[in-house]
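Keeping their order, the protein sequence lines are chains W and Y.
Residue numbers for the first sequence follow the UniProt record's numbering, beginning at 1 and rising by one.
Residue numbers for the second sequence follow the UniProt record's numbering, beginning at 1 and rising by one.
No wet-lab data here; the hints were simulated from the structure.
Remember, it's a predicted structure, so these values are computed and weren't measured experimentally.
In this text, a Cβ means the ideal position worked out from N, Cα and C, and glycines have one as well.
Hints are supplied without guarantee of correctness; some may be wrong.
[As the list claims (entries may be wrong)] Just some of the chain Y residues that point at chain W, by a computed CB distance under 10 Å:
hint: 1; residue: E66
hint: 2; residue: A73
hint: 3; residue: A97
hint: 4; residue: Q258
hint: 5; residue: G387
hint: 6; residue: F388
hint: 7; residue: N397
hint: 8; residue: T416
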Amino acid sequence: MKKVQFSRPLFPYLLLVPQLSIIMIFFYWPAAEAIRASFYLEDPFGFGSTFVGLDNYRDTLSGSEYGRVAWFTLIFTTLVAFFSLAIALLLAVKADTVLRGARSYRVALMWVYAIAPPVAGLMAILLFDQRLGPFTHMAQFFGWDFTLGVNYWDTATAMVIVSVWKQIPINFIFFLAGLQSIPRSVREAALIDNPNGLSRFFSVTFPLLAPTGFFLLIINITYALFDTFGVVDLIHKGEPGNNPVTLVYKVFLDGFRGGDLGGSSAQSVILMVLVLILTVVQFRFMERRVHYN
Amino acid sequence: MNLKSVLMASAFAFAGTAALAEKVEIEFWHAMGGRLGEVVNEIAVDFNESQDDYKLVPVFKGTYEETLTAGIAAFRAGEQPNIIQVFDAGAATIIGAKGAVIPAQDLLTNNGIAFDANDYISGVRNFYADTEGKMIGMPFNSSTPIMYFNEDAMEKAGVTPPKTWEEFASVTAPALKEAGYTPMSQSHMPWIFTENFFSRHNLPFATNNNGYAEGETKILINNDAIKAHFTSMKEWIDADLFGYYGTGWGDNAKPFEQGDVAMWLGSSGSFGGLSKTAEFPFSATYLPYWEGVTSEPTNTFIGGAALFAMEGQPEDENKATAEFFRFLTSAQTQYFWHKETGYVPITNAAYDLAKTDGYYDRAPAAEVGIQQLTLPEGEWTKGYRMGFYVQIRDVMNREYAKFLSGDVSIDDAFATIEEEANKLLARFAKTQG
Chain W
1 MKKVQFSRPL FPYLLLVPQL SIIMIFFYWP AAEAIRASFY LEDPFGFGST FVGLDNYRDT
61 LSGSEYGRVA WFTLIFTTLV AFFSLAIALL LAVKADTVLR GARSYRVALM WVYAIAPPVA
121 GLMAILLFDQ RLGPFTHMAQ FFGWDFTLGV NYWDTATAMV IVSVWKQIPI NFIFFLAGLQ
181 SIPRSVREAA LIDNPNGLSR FFSVTFPLLA PTGFFLLIIN ITYALFDTFG VVDLIHKGEP
241 GNNPVTLVYK VFLDGFRGGD LGGSSAQSVI LMVLVLILTV VQFRFMERRV HYN
Chain Y
1 MNLKSVLMAS AFAFAGTAAL AEKVEIEFWH AMGGRLGEVV NEIAVDFNES QDDYKLVPVF
61 KGTYEETLTA GIAAFRAGEQ PNIIQVFDAG AATIIGAKGA VIPAQDLLTN NGIAFDANDY
121 ISGVRNFYAD TEGKMIGMPF NSSTPIMYFN EDAMEKAGVT PPKTWEEFAS VTAPALKEAG
181 YTPMSQSHMP WIFTENFFSR HNLPFATNNN GYAEGETKIL INNDAIKAHF TSMKEWIDAD
241 LFGYYGTGWG DNAKPFEQGD VAMWLGSSGS FGGLSKTAEF PFSATYLPYW EGVTSEPTNT
301 FIGGAALFAM EGQPEDENKA TAEFFRFLTS AQTQYFWHKE TGYVPITNAA YDLAKTDGYY
361 DRAPAAEVGI QQLTLPEGEW TKGYRMGFYV QIRDVMNREY AKFLSGDVSI DDAFATIEEE
421 ANKLLARFAK TQG
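Same shape as in the complex, but just chain Y:
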C-alpha cells in the first residue's frame, strides 16, 4: 500500500466517524464505582437507545472528592463536562460559584420541559436549592443513613433492632456482645453521627438558617447533646460494644458484611451492594435517636449527590442535558435506579410506582430510606449549606478520631472543630464576597 492510499483510507475513516457523530454528544462525569457504575452505564445505554438525537457518555472520575476536583480543574481550563455529579458536602462550593452551573430548574423550563418542585419528595426538594428555593442541582443518587442489621445475629441474641440509643446501650449491645458479635459499627461520622444527628434530633446545625441564608455562617457543633453522644460512643468502644475501624467507609462496612458486626449504620444506597455481598439475611430500620434529647425524632437529611449542568456549553448540548434530566427523573428510570442500587426514588411518581409494583412487599428494607426521609419535618431538618465543607468534614474526622483514641478530651475536640470550621467558613464567605 503506498502513502496515497493510506491517506485516502484514513480520510474515509474520518468521514465515517463524522457521519456517525451527527448525534449531539454530552459528557457526564460521575463518582459511581463498582455496581453503582454499572447501573449508571445501563441508564446511559437506555437513554441513548430511547431516542436518536443525543448520546450520553458517562465517565467515572473516582471518589466524590476527586470528581469535584476534576470538575473544578476542567472548568478553570474551559474543558468542563456537560453534567457533573457533586456530593452533599460539595454543594455549597458549586452552588456558591455563580456562573459555574445552569440551575436545573432553568435548564428544564428553558428547553420546554415542565418542572414542578412538588413532584419531588419532600426530603429531596430543598437540599440542592438556593435561598429562594430554586432547584440548582438535579437530585440523582439520594440516600440517607439507615441502620442495617444481621437478622441471624439479632435472633441469636434474642433482641430486636433498637429504636433509641438508650435501648442500644442497655439491652441490644450487651446481648449481642454476649452472643459473640461486635454489636455495631458505622461508616461516616460527619454524615451519620453529626449532620444527621442534628437532623434526627431537630437541632440547629449552623447559624443563618443552617447556612442557607446569605452572609457569614457559623457552625453550631459545640453542643452538649452531640458531645454526650460521642462520649457514649467512646465508652461503648472501650467496652467492646461498638467497633471503630478508622475513617474509611469500607473498613467499617466489611466487618458487617463478613458477619462479625451485627448492626451497621450506612447509606440506604448501600442496599443494592449489600444484597449481593452479604451471605446472611439482613434488613434495615431507622437511625436510632436519644430519648433523652427528643421524644419526637424527626426526618434525616438526604445525602448522596446531585447532577449539575455546567455553564459554557452550546445550546444544543444543553438541550441534550435537559432531555437526559427528563429521562432520569421519569418514574421508570427512577424506579429502576432505586431497585438496582437502593438509592431513594426522588419523585413521588416513582415512589408510587414502586409501591404499586409491590416492590416493598418483596424487599421491605428498601423502603426504610425514603420512609425516614419523609418522617415529620422539623425546623432544622431541611439540610445545611456550608462552604469549604469537605475540609470541615476532614477536621471532624480528625478530631473525632483523636478523641476516640484518647488523645484529646471531648471538650477540646469539639472546641477545635468549632474554631477551625468557623475559620474555614469565614474564609469561604470572603471568597463569595
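Chain W on its own, in the form it takes in the complex:
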C-alpha cells in the first residue's frame, strides 16, 4: 500500500497549529501559571510577590481543615458516583423492557439533564429550606430533624441528593444505548439458558455493559470532583460556615473569596497531580479487566 506523504515536512505542523494553540492557551498556560503561583506568596492586588518555595504546600497540607475536606471529597465522590450509576442502571434496564409508550417514558427520564446546575441548586434550596422545604417537612415526619446549613451531614445529604439527581439522566442515556447495543441473539440465548432474571443480568448483561460502565465511572468521578461546584456553591448560599466543602470548592474559597492566590494555587496543583494519578490508575489497571467485545 502506498503511503500518503506530504511533500513539505512542515505542512502537517501548520495544520496542527490551531488545535495546538488552543491547547497551549487554554490548558498548558494556565496550568503552568498555577504551578508558578504555587511557589509564591502574593498580596491579593498583586503588588508584592515573594518566592516561598514549598511553604504554600506545607501550609496547605498541615492545616487540620485540609484533611477533613479531602476526606469529605472522597466520601462525596464515592456516594455520588455510586448512586448516580446504580440508579441510572436500574432505570435503564427497566426502560429497556418497556413496550408501550417507551419514548415518552425515556424522555421523562432524560429531561432533567437539560436543567442548568444553578437552577438545580436553587430548586434544592427550596426543597431543603429549613422552614418551608417539603423535603425538610418529610424528614421531620419520619423523626429526622433535618436542618440544612446547620448540621454538617444534613447539608451533605442535600448536596449528594441534588448531585445524583442531576447526573442520573446522562448515565441513563448511555446505559440505555449500551443495553440496546447488546445483540438480541445473545439475550435470547441467555433467556433460554437461565430463567432467573437477576442472575442473567449479572452473568450476561452486566459484563457486556462493562465498557459503557467503565467510561461512565470515569465521567462520574470527574463530575463529582469538579462539576458539582455549582451545587455546592448554591447550597452554601455565600457562607461556607460549617458546611461541607469539596477540594475544588476550597480552591475557590481560599483563592477568590480569601484572596490567597499562592495557597489556592498550591491546592490546585495538588488536585492536578491527583487527577493525573487517578487517570493513570484507571487506564492502567482497570481497563485490562474490561472486555471490549
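Since the structure of chain W is provided, determine the placement of chain Y on it from the hints.
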C-alpha cells in the same frame, strides 16, 4: 436601504453618543442589593442631576466578598472601577495594598475640597484610617450591630429588652419562651459575637494595637470571657432559649421577620428593610453585655463598608470621584441615606440635621446605632485591622458551628481559631513585606 446608508446612519449614531458622552463618567462598584441598591441608584441620580460635568454609574457586584474579588481581579487586569465599596473585613486587604487606592483624604484635598477628620462622628473616624490616622476609605454605609425586638412579644411575655446577658438568661429568655417565642437569634457570629464582643467589653482583640500598628499581628481570641459567652449560647440553644439557624444572615433574620423569634441581633442598617417587611411593631436597643465581665460597657465598632477611590484613573475622573465624595458626605445626602436605610449618618452635621428635623422623635429606633457608636470609648474600641480576615471569619464561623453542634469542645474550637488565624496573619504579614 443600501449598505452605504446603513453605514452613514451608524456613523451618525456614534457621533450622537459621542456628543452626549462629554460628561466625565465614573464607575462605582457596590454590594448593596435589594432596597439598599435602590437607594444607591437614587443617590446616583441625584448626584448626576446636581451638576452637569460628571456622571456616576453604579454597578451592583453581588455580596461584599464578591465585590472585593471582582475589584481585585479588575485591578490586576487594569480595568478597575473608579470607586469600589469594600467591607470592614476586607479593609486590611485593600489598605495594605499600597498603590491600589488613593487615600480619600488626599483625593479630596488634592481636588480643592476641604477635609477635616473632626467632621466625622467619633466611631467612624478611625476604622478606615491608616497608622497615622489618615483616612484611606470614605466611610459610606456605616452600621453597628444592635438588638431589635418585637414589641408585641415583649408585651405578651411581660418583659423589657435585656440590658445584660445575665438578665437575658435569667428573666427575659424564660419569659419569652413561656409566651411561645424563640427568645433570640443573631445573624453574624464573627461580627456581633466576636469583634463587637471585644469592643463592647473593651477587651483587646489583637496584638499590635488591634492590628493597626505595623508588623505581624496575633489574634487574642482565646479568651475566657468570649469562651464563657459561647458556652452560654450553646446552653441557651439546647434549652430552646436561643435560635441558631446556620451561618447565613437571612436564615437567622427571617424567623424574626415572621414573628417567631422575639429578639434579633442584626445590623443598624437593617432598619430600613425591616420597616418594610416586619408586620409587627418593633424597636431596637443596645447590644447586651456581660455584667460579670465589665460594669462599664463601651461603644461598638462600626461595621458595614467604605468607598475606596482606586488608583490608575485619569485626573478628570479622580476629580469626579472627589466631587461625588463631597456630594455623598453632605449633610442632606447623609440624612437621606440614613433615613432610607438605617445606616448611621457619618458626619456630625448630618446627625444634627436628623435631630433638628425631629426624625428620632418619629423613629427612636433609628438613633440606636449612632448612640451606641458614640458611647464612651475604651482603649480597644476603635476598630481592628487584620489581613486575610475574610478567611479568618470563615474559620470562626466553621469552628463556632462545630462547637454549637457538639462536634468539638469550646477549648478545641478556640484553639483552632487561634492557630489558623495566626497562621493566616503570618502569611499576610509576609505578603506585605
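Report task. Would you list, in rising numerical order, the hints stated earlier that this structure does not obey? Result -> Structure breaks no hint.
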